[in-house]
Structures are given as structure tokens and as C-alpha cells.
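Engineer: Here is what each chain is made of, one letter per residue.
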Amino acid sequence: MNTRKIMKIAAGFLAAFALLATAALPATADENGNGGDGGEVLRIGWAQDPQTLNPFIGLDEESYTIWAINWDLLVNFDPEDLSPSPGIAESWEVSDDRKTVTFKIADRNWSDGKPVTSADVKWTLETLGEEGELFTSYTDNVTAIRTPDPKTVVIETSKPDARIVGGLLIYILPKHIWDKVPLEELTTSYQPSLPLVGTGPYIVTEFDRGRQITMEQNQEFSGPEPKFSELQFIKYGNQDAVERGLQLGEIDLVPEVQAATFERLGEQANVETVDSPSPAFTELAFNLCPEELCPDANFNPAIQDLPVRQAIAYSIDRERINQIAASGTSFVANGLLPSFYKSFYQEPDETYPFDPEKAKQILDEAGYVPGDDGIREKDGDRLSFNLYTRTRSESAYNAQAAKLVAEMARDVGIEFNVQEVSVDKLTELTVRQVDGKPAPDFDAFIWGWGGDAYDPSFLLSLMTTGEIGGSSDAFYSNEEYDRLYAEQSGEFDVEKRKEIIARMINRLQEDLPYIVLTEDPNLQAYRTDRIANVEPACPAEDGDIFCEQAGYAPLLNLEPASGASSDDSSGGSSGILIAIIAVVVLGLIGFFVVRARKRRDEPLEVDEPLEKDEES
Amino acid sequence: MNARWLSGKVAAAVFTLLFVIVFNFFLFRVMGDPTEQLARLPRATPEEIDKLRGQYGLDRPLMGQFADYMGDTARLDLGTSQRSRRDVVDEIWDALPWTLLLVGTGTLIATLLGTWMGVKAATRRGKKTDDALLGFNLFTYASPEYWIGILLILVFAVWLPILPSGLQVTPGAQFNSAFAEILDVAKHLILPATAMTLMLLGQYFLIMRSSMVDILTEDFITVKRATGMRWDRVVNRHAVPNALLPLVTLSAIQFGSVVAGAITIETIFSWPGLGELTFQAINDKDFPVLQGTFLIFSFGVILANLLADCLYFYLDPRVQSK
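Going line by line, the protein sequences match chains A and B.
Add 107 to the 1-based position in the first sequence for my numbering, that's all there is to it.
Add 92 to the 1-based position in the second sequence for my numbering, that's all there is to it.
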């Protein structure tokens with residue numbers, strides 16, 4: 108091989124690239140989201156795609172997002188306030204003893220044309236409710252599911268359970284397809300065949316793993332026809348790339364934006380951002396495990412002294428945490444139940460507004476006096492605690508919040524030694540067991556929880572004695588709370604239930620197993636030149652635009668912005684630029700070729716002979 | 093070709109591969125009990141964890157697991173992804189062509205361009221062309237690939253929006269013909285391939301340049317010049333072929349860094365290849381997939397080295413005579 112040949116090949120490559128770039132121009136014309144049938148495509152971008160479409164084994168949020176569009180629940184959520192609304196069942200009736208609920212199945216068809224029957228409901232609740240990794244706890248109290256006729260389902264429970272209406276987060280699957288697969292396979296490796304037969308407005312027709320999920324309109328869908336003909340979920344390599352994709356108009360909607368970039372993204376042309384509350388929160392949790400339950404727990408006993416926790420609560424400026432650690436995108440929390448639960452939320456009596464003077468006063472009264480280093484102590488008990496949090500890479504917000512908490516508590520004489528650990532390590536510290544008994548090994552940590560869309564039972568259950576050894580990570584135990592919990596879970600009357608829950612939350616605010624710092628937001632962004640008629644939903648007025656994981660109803664309202672398909676503002680100029688670059692590249696190639704030819708014509712090389720390098 | 097020599101090389105490669113396979117097994121066992129990662133469900137009960145352990149054969153003694161693992165690997169069964177519950181082989185198979193396309197394009201252009209610039213610089217040693225080329229290549233060689241990648245995106249996708257910022261095809265595009273689709277992919281390939289090229293370019297250039305400088309000071313070059321042969325002919329016919337030798341070795345050795353670069357570049361440009369698969373698997377602690385991609389990468393490096401050995405055998409008679 109000689110240099111000229113190399114150069115020619117290189118030139119050939121450059122030329123090919125230039126040609127490709129130029130030739131790619133016509134392709135830009137039809138790339139802006141036109142579906143094959145001429146309808147409009149809604150392109151949604153994310154950095155992580157679902158691990159599987161099989162609800163028996165899927166664990167991640169992204170899977171839920173797809174399921175919630177593809178399928179219905181027995182009882183859906185009303186996007187207005189997330190209260191129960193018709194889903195697979197068009198109506199329901201609760202018996203007087205509240206232990207039997209009778210559902211009337213709506214006259215609907217699966218996307219393959221077969222009718223939806225009570226057998227589908229029974230099979231799904233029994234099979235997915237028993238075996239699906241994420242769905243098992245919902246049917247704990249169910250004793251029998253009867254199907255007197257194809258359009259009636261009767262669910263009987265051992266005790267009244269309000270979750271049966273509005274809290275059965277189990278997507279109803281078509282029995283005629285799923286029961287052909289052996290259970291063993293369903294719970295291990297089964298990948299459903301496409302199109303994914305469902306009842307939702309769109310069904311999955313293509314799953315190009317790691318790249319794209321395509322959902323097309325379900326022709327059998329019984330509700331109003333969606334305005335977009337197709338949904339495409341496009342996977343990017345990382346979150347920054349997703350947001351850049353939106354900014355450049357490659358996609359139309361991002362269901363999950365990072366807090367750090369939220370504000371800047373909103374400043375981009377044609378991009379609108381939405382910051383809405385979600386059923387998730389971030390809390391500062393304390394180790395309250397009583398001696399009799401956790402003999403081998405490891406913690407500084409001062410953390411179990413109520414005045415200390417009250418002082419901590421008053422010393423923390425939750426708004427400052429929101430502003431600094433969450434870039435102002437979160438919402439200050441008051442108590443365990445996020446305000447997202449519109450039907451049940453009530454501001455607790457005690458909200459612990461930021462008041463460091465009061466914190467100091469409480470500690471003074473409790474007998475904790477500052478030592479030489481400013482850290483308070485009583486009878487040798489120093490108010491010095493460990494504070495675990497997830498690492499910066501796992502949650503920048505948590506790590507930053509922990510630092511702020513330590514800083515603010517220091518001002519009133521309480522020391523927190525912040526330790527960033529992996530989620531695995533944090534789990535290990537909280538679920539540690541010795542001789543089969545819980546033995547949590549921490550004083551305090553910062554972490555978060557997310558609840559179900561409508562029914563608050565899951566979040567409330569975190570503080571029940573029954574969950575010690577289960578989900579409870581503050582190891583709180585209170586008889587009154589446990590009794591109220593049981594009472595609310597069987598109360599179908601929303602107003603009455605709200606009353607009971609308010610008492611529970613007040614109880615927690617007095618005992619402070621958690622100081623809930625912020626309600627975590629749903630941060631979303633969309634292109635205004637692509638999507639119109641965007642209304643906050645889930646819940647209405649201040650909710651998100653997409654109702655992720657809770658239902659598909661708001662999707663039906665979204666419509667293509669007028670002229671969206673033909674409007675490709677960058678297309679024209681990009682064409683010119685590509686042409687310019689092509690000309691420049693071709694010019695350069697020409698220049699080199701001519702020069703090379705000229706050189707060949709020169710009779711003798713005039714270069715000086717080269718001297719050998721000294722070193723070689 | 094010397095059959096004994098070849099079989100020796102192949103045996104060494106196979107032995108290395110076996111070692112990697114064995115090492116891979118223990119590496120991932122040292123990293124802890126996979127079920128702890130698996131049980132990402134906060135509410136996983138001990139029974140559920142036991143069930144999972146059973147499913148993955150983790151309740152068996154280590155040696156039994158090892159035997160299973162070796163048998164499965166021999167049958168090209170690399171296990172099941174913990175995340176997608178698909179066969180790891182399928183996951184890798186889906187991603188491999190994209191990586192080959194990116195790495196192939198990047199390496200090809202870098203080799204050609206690097207070699208050419210190396211020759212140019214060596215023949216003009218000490219002059220402005222040399223300084224400029226050396227400066228440019230040292231700069232790209234020293235720049236981290238993620239920085240180059242982000243810069244390329246900033247310039248060509250954000251400031252002058254003439255190229256896509258990532259992905260392998262235009263999202264949502266419907267193509268009328270296969271040709272239109274190929275063009276679209278090519279358009280998306282330009283930036284990541286450029287980043288790949290810039291990452292590799294410097295090394296090829298530097299090796300080629302120093303190799304050429306060495307050769308050009310050899311006596312036979314002076315003799316050729318003395319016969320009155322044209323200078324560019326001396327360079328092209330006599331210096332370059334000799335100087336190319338170290339490049340062959342370099343290509344093989346560099347394959348390792350190509351892999352590392354692919355992980356970064358594919359992630360930055362959302363290019364759905366093995367690198368992105370690896371990155372995702374690291375995030376998800378998806379050990380079977382990681383194990384699989386490690387194996388493929390190791391296999392690639394070993395294969396590249398073996399090929400380089402064989403190529404050397406042809407190119408350099410000194411190896412044959414030994």
C-alpha cells in the first residue's frame with residue numbers, strides 16, 4: 108500500500124460520507140413523525156426501556172407505563188382526582204357487611220375481537236395476584252372470586268377491604284391467551300407475543316428492545332378515539348440525551364426530566380415543562396425499634412428520645428432542602444401522606460415549621476446542654492448520630508439533602524455524620540436480622556417511598572407493627588395507629604376514611620418516626636409545537652400531563668399541534684448547511700488530489716535527507 | 093504456513109480464552125450473592141429470595157455451579173438477563189452488529205487517516221506540516237472520548253443542527269425503501285464514528301510517524317535515493333510497507349481500548365451496541381449480561397491478537413524463519 112492509495116481511499120470515504128449526508132436530505136422531509144397511515148405519531152423519550160412486557164416478572168416503572176396504556180384495571184382511576192372510575196367493570200356494588208363486592212363487567216372487547224368476560228377477571232386476579240412479583244399483596248384478604256355469569260364478578264374478602272374498589276392495581280389480562288402458557292414459564296422467562304392483546308387505547312405492536320416500543324391504536328377500544336395514531340417510546344443512552352432529543356425536536360414528550368436540568372429545559376424554544384406532585388416522598392427516618400422487638404439493634408438510644416426528634420424537626424428548613432437539593436422542583440411535605448392523595452390528604456395539626464430557636468428550647472428543657480464542641484449531651488449521651496443516604500450517583504438529591512440536614516441540625520447542637528452508601532448497603536442496614544429478629548443498624552437515614560395512585564393503604568402500612576420485619580424501616584409500633592389502620596382499610600366511605608387517616612397522620616406527626624422532607628415531583632416536558640390540548644390531570648389542575656402508570660385517560664386528550672407534521676423548521680437550513688459542508692469536503696479532496704498530481708510531476712524531490720534520531 | 097507455529101498460537105489463544113471464562117465465573121461470585129441485587133423488591137420475603145436462588149441455581153455448591161457454568165458456556169448458553177429475562181446470547185446478538193458497524197467504521201477511517209498523516213508528517217519532519225499534524229494528533233490523543241463526543245454533539249447537533257445528536261435511526265421515521273433507511277443510519281453514524289476516529293487517530297499517527305522516521309534513516313533508503321529514484325516512489329514503495337509492521341500489532345493491542353471507547357461513545361450517542369448494553373447492565377447490576385459482554389470483549393481482544401500474529405507471520409519473514 109502506498110500513501111497515494113491510502114489517500115485515495117480516505118478521499119473516497121470522505122466523499123461517500125459527504126454524499127450520504129447530502130443524499131440524506133430527502134429523508135428529513137418525512138421523518139417528522141408521520142405514521143405509515145398518515146396519522147400523527149406521539150414520540151416519547153426515555154433513558155430506560157421496560158425490562159419486559161410480561162407483568163408476572165416486570166419490576167420497573169417503565170414496564171408499568173406501558174401496561175397502564177395497554178390494559179385496564181378492574182376499576183380505573185378518574186384522572187380528575189384519581190378516584191375509582193369504570194374500567195373493566197362498569198359498575199360495582201358493596202354489600203352491607205362490606206365483605207362482598209359485586210362487579211358488572213362492561214361490554215368491551217379485547218383487541219383481537221374476543222369479548223372481555225368475568226373469566227378473564229377471575230383468572231387474572233387469581234394468577235397474577237398470586238404469582239406476579241409486584242402484584243401479590245393486593246388480594247391478601249380475598250377469600251373467593253365467583254363468576255355467576257360472564258358479565259358478573261363477585262369478590263369476597265375475609266374482612267372489609269377498601270382496596271377492592273380503587274386499589275386493586277392488577278392489570279386485567281386476556282385469559283384466552285395467557286392461560287395457554289404454563290405458570291412455570293409465565294413467572295420465569297415468558298415474553299408475550301405481539302401485538303399485545305389488551306383493552307387500552309393503544310396496544311404494543313413492536314418491541315425493539317433497547318431501541319423502541321411502538322404502540323398502535325386498538326381498533327376495538329371502546330372509548331373515544333385517540334388523536335395520535337401511534338405512540339413511540341424511544342430509548343436513549345442517557346437522560347441528558349433524552350432531554351437534548353426533546354430540545355432538538357427528535358421527540359415530543361419526556362415523561363421524566365431531571366431536577367437539575369428542569370429549569371433550563373423549560374427555557375428552550377417550544378418546550379413546556381410541567382412540575383407536578385406525585386405519590387412519592389423523601390423522608391428522614393429514625394430507628395425507633397423497641398427493645399423487645401429488636402434486642403440486637405444497633406443505634407444511639409438518644410434517637411428514641413422524642414424531644415430530640417422534635418428538635419431535629421424544628422431545626423430543618425424543608426423549603427431550603429427543596430430549593431438547594433431539588434433545585435426547587437419538589438414540594439415541601441407535611442406528614443406521611445403526600446398532598447397528591449387529594450381524596451384523603453388533610454394538613455396535619457403539627458407541621459414543624461422551621462424554628463431553630465424552638466428546637467434549642469426543647470433540647471434545653473429536655474436537659475441536653477451543649478458540650479465543648481457545641482454538640483449537646485445529657486448524662487454522657489451525646490446527640491451524635493449516623494445518617495445514611497444513597498450515594499450521589501444513585502440519588503444526588505438524597506445525598507445533598509443529607510448534607511443540608513446535618514448542617515442545619517448542627518446549628519441547634521445535634522450532630523449527624525453523613526455516610527453515603529449504596530442502595531444495597533442501605534437495605535442491608537435496615538433489614539439486618541440477628542437470630543431471626545430484626546436488628547436494624549442505623550440511627551437515621553434519608554430515603555424515599557412511592558405509593559399507589561389512589562389508595563393510600565400502602566404508604567400508611569409502613570408504620571404498622573405488622574410490617575416490622577417487612578417494609579417498615581423506622582420500626583415504629585403504636586397500638587392506636589395499628590387499630591386506626593385496620594379501620595381505614597375497611598372503610599369504603601371516602602369522607603369517613605379521610606377522618607381516620609387524618610388521626611393516623613397526626614399520631615405520626617407527634618411521634619415522628621419519619622420527618623417527611625419533600626413530596627417528590629413528576630417532572631415532565633413536551634414540545635408545544637407538536638402537542639396541543641395539554642391539561643394537567645392526575646389529579647386535575649396541578650397534576651401531570653401523562654398520568655404515568657396510573658392510566659391512559661389523559662393521553663386521549665392530547666392532540667397534534669396544528670401543522671405539526673409539515674413544520675420542520677431546521678430542515679431547510681440544515682439542507683443548506685449540509686450542502687455547504689459537502690462542497691467544502693469535496694473542495695478539500697480536490698485540492699489534495701491536484702496537489703498530489705502536481706507533486707508527481709516534479710522531477711526531483713527537494714526534501715533534505717533526514718538525520719537519524721539520536722535516541723534510536 | 094508453519095502448521096506447528098500456527099497451532100501453538102491457536103492453543104495459546106484458546107488457553108487465554110479458557111482462563112477468561114474461568115476468571116469470569118469467580119469474578120462475579122466474588123462480587124456478592126446476586127440474589128441480593130435481584131431482590132430489588134423491597135418487600136421480598138426470605139421465601140421469595142430462596143425461590144429466586146433456586147431458579148438461578150445459586151443454592152447449589154460452588155463447584156456444581158461452576159460445572160454448570162462451564163457446560164452452559166460451551167453450549168453458548170450465557171444465561172438469562174436478570175433484567176429482561178431474555179437469553180444473554182440474544183441480547184448480545186441484537187447489539188453486536190451495531191458495535192461492529194461503529195467500531196469498524198471508526199477503526200477503518202482512523203487507520204487510513206492516521207497512517208496517511210503519519211507518513212506525511214514523517215517525510216516533512218520538523219516542518220510546519222509535521223508540527224501541525226503532530227499538534228492536532230496529540231490533542232485528539234489526549235482528549236477523553238466523552239469530551240470529544242459531547243463537543244461534536246454541541247457543534248453539529250445543537251449549534252448547527254445538521255446532524256442528529258444520537259440514536260441509530262430517526263425516531264418514528266417510516267422509510268420507503270431500504271436505501272432510505274441505510275442513508276438514515278449513515279447520517280446517524282457520522283458523529284459517533286467521528287468520535288471513534290478521533291479517539292483512535294492519534295495513536296495510529298504517532299506510531300506510523302515514528303516508525304517512518306526510523307525507516308527513512310535506514311541505509312537502504314539512502315541507497316534507493318542514490319539510484320535516482322523519485323522521492324515519493326522511495327517513500328511509497330520502500331519505506332511505507334516496512335513502516336506498516338508495528339501498526340499491525342498496534343491494531344490488535346488497541347482493540348482493548350476500542351472496547352472501552354465503545355462503551356463511552358455508544359452511551360453518549362445512544363448507539364444501541366454492546367457498549368450501551370454493558371453500561372445499562374452495570375446500572376442494573378445485571379450480572380449475566382455483564383458476564384456475557386465481558387466474554388465477548390475478551391474474545392474479541394484475543395481473536396484480534398491471534399489475527400495480528402497470523403498477519404505478522406505473512407508480513408514479516410523474520411517471524412517465519414524462527
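Honestly, the hints are just simulated from the structure, not real lab data.
Worth double-checking, as some hints may not be accurate.
Claimed, not checked - Pairwise CB distance ranges, derived in the manner of DEER restraints:
(1) B:164 x A:482: 48 to 58 Å
(2) A:460 x B:189: 56 to 66 Å
(3) B:238 x A:586: 54 to 64 Å
(4) A:288 x B:164: 19 to 29 Å
(5) B:411 x A:289: 57 to 67 Å
(6) B:99 x A:219: 56 to 66 Å
As the list claims (entries may be wrong) - Covered by chain B, per the in silico footprint, the following chain A stretches (three or more residues, Cβ under 8 Å):
(7) 156-163
(8) 198-206
(9) 338-347
(10) 657-663
Keep in mind the model is a prediction, meaning the values are calculated, not measured.
All residues carry an ideal CB built from backbone N, CA and C; glycine is no exception.
Engineer: Tell me the numbers of any earlier hints that the structure contravenes, in ascending order.
Structural biologist: The structure breaks hints 8, 10; every other hint is satisfied.
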